[in-house]
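Take these sequences, add in the hints, and give me the full structure.
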Amino acid sequence: MMEPTAYLLLSGILFGIGVAGVVARKNALIILMSVEIMLNAVNVAFIAVGSHLGDPTGSIFAFMVMTVAAAEAAVGLAILIAIYRLKETIDITELSVLKW
Amino acid sequence: MTPIAIDASAMMQGLYCILPEILIVATALFVLFVDLILPEENRRILCGVSIIGVALSLFTVFAMGPGKISGFSGAVVHDGLGAFFEIVILSACALTLLMATGYSEWEGTHKGEFYSLLLLSTSGMMFMAKGTDLMTIFLGLETLSIPIYVLVGFHRHRMSSVEGALKYFLLGAFASGFLLYGIALMYAATGTTKIAQMVPMLYDARLAASPVFLAGVGLLLVGFAFKVSLVPFHMWTPDAYEGAPTVVTAFMSAAVKAAAFAALIRVLLLTLGGLQPVLWKVLWVLSVLTMTVGNLSALVQNNVKRMLAYSSIAHAGYILVGMVSGDVLGGQASLFYLLVYAFMNIGAFGVVMLIAQKEDEGYDIDNLAGIGFKYPALAGLLTLFLVSLGGIPPTAGFVGKFYLFSAAIKHGYIWLAVIGVLNSAASIYYYLRIVVYMYFLPAKGEVPVPRPPRIAFSLALCASASVVLVLGIVPSSVLEFAERSVLSLLM
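Chains A and B, in that order, give the protein sequences. All residue numbers for the first sequence refer to this note's numbering, where the first residue is 1216 and numbers rise by one. All residue numbers for the second sequence refer to this note's numbering, where the first residue is 372 and numbers rise by one.
Treat the hints as calculated values from the structure; they're not laboratory data. Just so you know, even glycine gets a beta-carbon here, dropped at the ideal spot from N, CA and C. Check before you lean on any hint, since a few could be wrong.
Claimed, not checked - Covered by chain A, according to a simulated footprint, are these stretches of chain B (three or more residues, beta-carbon under 8 Å):
id : region
1  : 432–442
2  : 503–511
3  : 536–546
4  : 550–560
Stated by the list, open to error - Partner residues aside, some chain B positions facing chain A, computed with beta carbon under 8 Å:
id : residue
5  : Ile-517
6  : Met-530
7  : Val-533
8  : Thr-564
Structure follows, in structure tokens:
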């Protein structure tokens, strides 16, 4: 069995890409995609550690994360559509009804 | 392949352990079903059905008592702490539903999905309060959050509502990413996601100093900090609170906070023994920042809903004071304050909801001018809730703050207590500003006519007011209950 260090490094890099995407991008759809990358980075870590330890918890957790990610994507896209219908844009810098 | 044997008695015990949650979920599904076959004009029944479901579940919690029942191989446990928070969360849900009877009529939220989302979110909160496995806590958190994202954006033709929902959703999903990565790193370091199995490992100095584990704890803390809106992770709070339908705001501010703090208290109190030397500094800084930034931002708000949002951030800071000391006394104070806070904050939102004629502009502070002597009952109730939020005796808010700060002093965190007291003195300014507007300023033009409260609505307000007053005068029995709940966790 291979040491999980390499996989953990991969998941760390993926997670970093996701965080960078959320912080830097202005398009709400891209931000949503970046969040999904973060969640998949977590899945990589869980599955690698679980298979290294021979413990099913890691794989089960990855399934739970996928389920939650699907539910979140459904709700997120619905909110995006509602925004688009009202404003014809999903650029988050244009959203400024609420401030201070 | 041999079939896996199912232990029937363990299964039954597991189901018994989550009976209150089962009742809530069943009610949510029933409401959705009834909504399909009910004619449009009879939708008001749905709210009644939901209230009955919540009452049944609350009764079950009382009937099960504070004894420890663990189920599903230790993934959930019904213990004193779980029971305490279930009572807080279910009471908050019941008050919200009582207020929703009136609110839904004015704002057109008499819809099956509104109530079933509210109930499903409640069930997630209850699981979060009872979870002893990080997996259960995570799933509870998501079951709580996803319906709340929808509820915040429920007025989908109002820009502020949808905008609040989007901001809450994006930051909430971002925060769950952090929380999950924290759990993954903790799993990598310890090889388990069960809190009970993790605790003895924490006394091993090598683990407690390992960077992977510490990074995991840090990320987990960031995830929780987002959910309870601690500064600097609070950016979503004012927007989501202002944009959401006001009943949902009241529910979020009380119940979501209670559920997230329940999980945080369980994790922190159990793990603090091993991590105390590092963790208390972090919590100290978070608590001071949260109190100060929350109160200073609330000072300059002219929208009452937004002001109460910042005040709820500040209150998260007060509650964290009890957790810095990380023992029974502090935990007990935090629990008591969460209970009191639920009632006084929902009460305050309830009165404001009646006075404001419409969402968005209705919550301007100028709107309150001249209300005081024209509608003495409403103004008196709002004054009571605000005085309690400010922490002035003889209200429950004062007792709560007193115990929080005295727990900090007993453990030698004198400066924390001093900063806390200074903060609550500053907060009195903006709470009393509303009172001054109501009683001493003449109205510009017509005094707005508050909506006539329905019986259920008045019942909710009276219940909150009496809890705030009674716990302010005789808090001892609830304090004992809180103490027993914390002790049940440590034993």
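Which numbered conditions among the earlier hints are violated in the structure presented, ordered from lowest to highest? 1
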